[in-house]
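Chains as they are written, first to last, in full-length UniProt numbering: chain G, 1 to 298; chain L, 1 to 517.
Simulated from the structure, these hints should not be mistaken for lab results.
Keep in mind it's a predicted model, so treat the numbers as computed, not measured.
Be a bit skeptical, because a hint or two may be false.
[What the hints assert, rightly or not] List of simulated lysine-lysine pairs, DSS-like, C-alpha gap at most 27 Å:
(1) Lys344/L x Lys106/G
(2) Lys42/G x Lys209/G
(3) Lys273/G x Lys175/L
(4) Lys106/G x Lys338/L
(5) Lys254/L x Lys344/L
(6) Lys173/G x Lys148/G
(7) Lys222/L x Lys72/L
(8) Lys62/L x Lys19/L
(9) Lys62/L x Lys362/L
[As the list claims (entries may be wrong)] Distance windows between CB atoms, simulated:
(10) Gly372/L x Ser87/G: 48 to 56 Å
(11) Gly324/L x Asn40/G: 42 to 50 Å
(12) Leu85/G x Glu327/L: 19 to 27 Å
(13) Ser83/G x Asp348/L: 18 to 26 Å
(14) Ser14/L x Pro121/G: 49 to 57 Å
(15) Asn82/G x Ala193/L: 42 to 50 Å
(16) Arg134/L x Ser167/G: 53 to 61 Å
(17) Pro176/G x Lys338/L: 44 to 52 Å
The C-beta atom is built at its ideal place from N, Cα and C for all residues, glycine as well.
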Amino acid sequence: MSNRLSTLSKTASVNQIINFSCVDGPGSRLVIFLQGCNYNCKNCHNPHTIDRCDSCGDCIEHCPTQALIMTSTGGKNTIRWNSDLCSECDTCLAVCPRQSSPKTRKYNVDQLLEVIREQNPFISGITVSGGEASLQLHFVSALFQAIKTSDELQHLSCMIDSNGSLSELGWQKLLPYIDGAMIDLKAWQQETHRYITGRDNHKVFRSLKLLSQHNKLYEVRLLQIPGVTDFESEIDALASFLTQLPCETRIKLNAFQHHGVTGEALTWQTCSKDNIERLASQLTARGVKPIILPKVYI
Amino acid sequence: MTLQEKLALIVRDSRLSPKQKSNYLALEADSSLPYLSISEAVTQAKSTGIICDMFEGNAPFKPRYVLPDYAKFLQQGSDYLELQAAQDLDEALNALTIIYHHVPSVTNIPVYLGQLDEILMPFVDGLDEELIYRKIKLFWIMLDRTLPDAFMHVNIGPSDNIICRTILRVDAELKQIAPNLTFMYDPDITPDALLQVAASNICECSKPHIANYPIHKNAYDKQGFGIVSCYNSLPLAGGANTLVRLNLKEVALKADNIEGFFSQTLPHYCQLTYELIEARSKFLHQESHFFDSFLVKEGLIEEQRFAPMFGIYGMAEAVNILLGNPELSEVASEKPSKHYGHNKVANDLGHRISAALDSIVKSTPVTYGYHGRALLHSQGGISLDIDVTPGVRIPYGTEPDPISHIRALAAHHQYYTSGISDILTIDETVKSNPEAMYQLCKGALSLGFREFTANVASNDLVRVTGYMIKLSDIANFKQQGSRTNTTGLGAEAAANTGILNRKPRVTSHEQSPVYAK
Ligand code: SF4
Ligand code: SF4
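In isolation and in its complexed conformation, chain L is listed as follows (with noise of 0.2 Å):
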């Protein structure tokens, strides 16, 4: 298909709204520009489908997550949006309205909203718990019918406070895709209470996803982290200048054996992954002026807290095959195996795996990184990826119990500093029982998780990687197309990866601005 007909297809289109229509319009034009300079090497591993730059444009013009900080601004005002200080709770809300559409990210719609019960308690004096009540749940409607993209995501926790409950308790009310929500769980602050309160809440909306606070908030200095996007865990006031994966199970496919991809496969793609990351992230930072804007010149993000994410995708597949095991089908799922996520000698190596990775990771230089590095990231995979598993998942339909499924990945956790999602899906028998959820997250956190995330089978809304989807949405799709921009991805998804087939689990999708009809 040529440019011209590909658009000419898009303002066809009659399920998309004119904004939709826009935004598929941008992207087109910005994927045909000529590409960033990069070797004949890297080319090749991209087109080839081994290392992957998520379809961010080919050339940046924003980072792909921003994470002002939102505090600051309240307290300061701003020149460039007019804005004094706010003075109460309707000022700051009013104030955030106005500054998240000017907060820019690879889906165009801000990523992150903020730590909101911190930068809001400020503001609760005197006013009584209905009144609060009011204003969240108008806030959170207008959130949703504003700024339709599940990626868009809300923070809470770890502390008990007004504002903290009463978003559980509109986000349960009113069971919306967007915001996503993070509740943060620290042992020594979080009272149990709270953590039952969001128990109940996942089993009624898989949502929140719930953060392991203090191993977050020891991988990073004291400004801070906000976990934005899907899982992506980030420094405050700074953020993701690019994303670019690594398809381990390709990478596996080109080594003779596990020692050779240990010695020289991995460490030759991931050398060609930072030459992909450096290249973006030169453009993003040298050329496109993106640097020069209001949030950076009011002190909201600062440049040098900005660092590459370094993405892996497909350990399960990459375990397999260096193992020299057969595809696992989900029939055979409960027998003994031994595939990734059921066997501990396929368990270690992963663990290997990552090991080898965090080490490439932490010693590699960049130049515009947090500290200088990249952060490595546990990728939740997109539309587009068939028959290769998200992250360090275990594939679809091949899960085993809950809790063995945790143990499988527990180890992993403590390399992925800017994020792993593994989504649990827990049978439906739990509505009834939020208290064995509240019980398997508490186990799961103290195994040493970075996060837990829980599907329940037959909730409307579901999990696709870290955003969320209503079924019935996807159901109407096709014919109607739909007001909310990741229904589209969540139709994709569950085209190409099956997820609703099967027991509802999660795919893997992260971001795939890729109009496809």
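Extracted from the complex, chain G is given alone in its bound form (with noise of 0.2 Å):
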């Protein structure tokens, strides 16, 4: 089965690896950002990760050190990036109209397993984010399970971080490979959640529940914005909602910042240390724990 699957899935579309987090989950992560994003976050920090490059060829021009050429193989046109010419200056981010990235990089799951050896020394863990992880479910399920099965890797910890739309039968794909999710709760309203995503909220709370059920919802995430977000008016709601998840869910609330954010967003006040102190207050009132507060407001 697990060779069926990776060649089902063959490769996935990286945008980032960073080797050391401690903020994707329990101990130090390796964490993998997989390109591509069904939600349209008007919020979102890192823009260029939601949609695919359709290698349309646009930026090649504007780069400054030819660090980008296009290929055809078959009549098909793909974009190539030359990691060892790029000096990172971002100007095919700018000029991108599809708000892409050229800079990703294929990855089938031998060679993703290669990284992962080499940092496994120093890693308690591997987290797969996004854009959106869960799009690429195939291939995250095929990684899992050749971690979970390998006798030298089978210690590290496989945790997802994903915006909850992922269906259900999505879910009972992982379930059996993930030790934990980390799941966006990003407004209450389905209006609100409407307004900030362009999508609705159902699926991210049938997620949280078919995840609390089985144990593996590691964290809930509250982005707060001011004056856009809905938590402190839904309060009662929200926080009765918390107190009956799994006692052990660690309930995280992020500030909103405008680093990385584009359009609109930039009009949006900014989240201060005050403003998050208070609604966490508002929910340990109310039963809420555990919650945790993030470390630096930048």
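Given two chains presented individually in distinct reference frames, assemble the corresponding complex, making use of the accompanying hints.
Okay, here's the thing in structure tokens:
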């Protein structure tokens, strides 16, 4: 089955790999950011991970170091990025009409396992993030299955960082291999959620329930955007929902900042330390725990 | 400025305590003596900043670092100090408090306080946890207040015991700059849970420093070793008679090319370094009468266990110069680069330089050494080092992520017997996730790191090379001075090397007992 899956899914499009993170799950983690997202959050601080590059080639002439070229195989054009030549000036991101990135790399499961093996002495586990990691479900489950069945890697915890939009069937595929999930709850009310992300949040609630039933809900993340999110106006409903989650589930509050954000969201007010502490104390007063506050406000 | 003018400035300085003034006056007196006799070539190399004697004084009358055998002292007492053998924990702590005031070093304060858990464990029978905690806590406060110098260093571990755990508890609670603390880790002896406690402490207060016990232990004989001052590993019951350091950046500037560097320039300046080492240690051993002291007579130290430290710094600049790489700016540090710390060719050249130094130091005899040799040391720099990076470190502000950082430097660690300090600055998000620190530490040690040291961004207590300073003290120092001797050094490092402008990282600084207004 593992072979069939990895041949089926073949490769994943990876935007970035971070060797060492202490904020994406327990312990020190290797984080794999996959390209592509099905939400279109106004506040996205990494907007060029949303759309897949369609190799239109518009960015090529803008690259000052000729790190981008077009190759063609069987009449199909694909853009290639040479990281040795790239100076990370990010001009290509700025000019892309799809807000995408040519600087992604394709990995198959074996290639990623190689990267993981190399970092093995330093890490407690792997987190796949995005974009929206669950869009490349087959790849992710093949990767995690390979980790969990490898003698030398199976001690690594496998976590997924997701917007919660995956279907129940999809989660069933992942559940046997993941140790936990971190899910964003972007807003309480349907309209607010739609305003921020362009999508409903029914599936998010379903994912939260399903994961908690299987004891796989590691963390729920609430991004507080003053005047935009509705956590404060819906505090009672929100708190009573959160208190029904398993008591180990961490509730993590994040404070909206302008870093990396584009467009309309730049006019939104950023979230201060006071603001987040007020939200935290309202939740605590209603019995929500444990709450994790941001360590940095940048 | 004439000597008298300088002395007048010192006595009038409103920020210095009387004791601090006495120290600076003594140092000035010392450096007004004629320098030991050395050749023209060495004088030249000294005055042009290629070789440096670390301001140890023109006529050294005490070793740089002294590591008495405190276990023996507690067991036998001391005729000279009129002390009986210690019978219980109170007597042991009291005896230590007394002897510390008689152990000299370059800073005038002991730099080694002992393997405290091992030497105090014989005295804990029948005492409950809370009582031990209260006694250790008072002892810790006493150390910080009476021996105010963060080069003063305690060792604990690798075994799990009540004193070790209590010291970790007290240290995290008090967050004092002194004493400095090294935790020895041995994967065969130390339980993971104890290393986790140590890792959580690092997140709290950037202490302790973690030493790779098996590597250090194998470098010395059965009598053992200790870690003193900032990351100096030295024979127990001995120490370092002197530390002379070589500026690899300047050596590289004198070389025509890489091969010339290895075949001529480096050996030539190493030879001059040895000449200075010989002159300094001969004076100490033959003329200063230091080795007539009670520490020797009572067997707490042995003359033949002292060795000179052969220090080096500026590896990063040397490599970049030899490869023709222009200076790397902090802004460009995230970009692909050919520089030391980022690129395999550059890193490999660095390792080759370390290997060459190692073979020189292992094959060059000295008159007063450990088994007749000096010990190679990656030197943490002093506050007066400008535009040159300590030891073999990656320049501040240009470090890659912590794991790439560790990988780039791991191969150096095998060579630096008397210590090497690479300080990783970890972003403050680690505070809510100490397990990440633990993993990183384990990974580094498993790759051959001799010592693992991390500063956590945003902690008030941060490390400047090996010693600790409080950022809040520095802020006050300019107006009020400080009770703690090392704050002045930290303030100077902050002004000269810009440590505080960047992500809080660490400078280089071991000891710079120079009066600077
Ligand atoms: S960031 Fe993009 S535009 Fe800039 S050098 Fe790299 S590939 Fe070219
Ligand atoms: S990154 Fe954007 S501009 Fe460049 S090829 Fe892809 S879609 Fe076109």
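Hints, verified against the model:
With a C-alpha separation of about 24 Å, the suggested pairing of lysine 344/L with lysine 106/G holds against the 27 Å cut-off. Of the supplied pair hints, the one linking lysine 42/G and lysine 209/G holds, its CA atoms being roughly 26 Å apart against a limit of 27 Å. With a C-alpha separation of about 25 Å, the suggested pair lysine 273/G and lysine 175/L falls inside the 27 Å cut-off, and the hint holds. Proximity of lysine 106/G to lysine 338/L is assessed by CA-CA distance (about 25 Å); at most 27 Å being required, the pair is judged to hold.
This hinted pair checks out: lysine 254/L and lysine 344/L have alpha carbons roughly 24 Å apart, not beyond 27 Å. For the hint pairing lysine 173/G with lysine 148/G, the CA-to-CA distance comes to about 14 Å; that is within 27 Å, so the pair holds. Taking the CA atoms of lysine 222/L and lysine 72/L, the gap is about 15 Å. The hint holds against a cut of 27 Å. With a CA separation close to 19 Å, the supplied pair lysine 62/L and lysine 19/L stays within the 27 Å bound.
Using a Cα cut-off of 27 Å, the hinted pair lysine 62/L and lysine 362/L holds, with the two alpha carbons roughly 25 Å apart. Checking the proposed 48 to 56 Å range against glycine 372/L and serine 87/G shows it holds: the Cβ atoms sit about 52 Å from each other. Range check, glycine 324/L to asparagine 40/G: about 48 Å between beta-carbon atoms, so the 42 to 50 Å window is met. Range check, leucine 85/G to glutamate 327/L: about 22 Å between beta-carbon atoms, so the 19 to 27 Å window is met.
The hinted window of 18 to 26 Å between serine 83/G and aspartate 348/L holds, with their beta carbons roughly 21 Å apart. Separation of serine 14/L from proline 121/G is about 52 Å and conforms to the stated range, judged on CB atoms against 49 to 57 Å. Between asparagine 82/G and alanine 193/L, the C-beta spacing of about 47 Å keeps the proposed range 42 to 50 Å intact. Between arginine 134/L and serine 167/G the CB atoms are about 60 Å apart, so this pair conforms to the stated range of 53 to 61 Å.
The supplied range of 44 to 52 Å is met by proline 176/G and lysine 338/L, whose beta-carbon atoms lie about 46 Å from each other.
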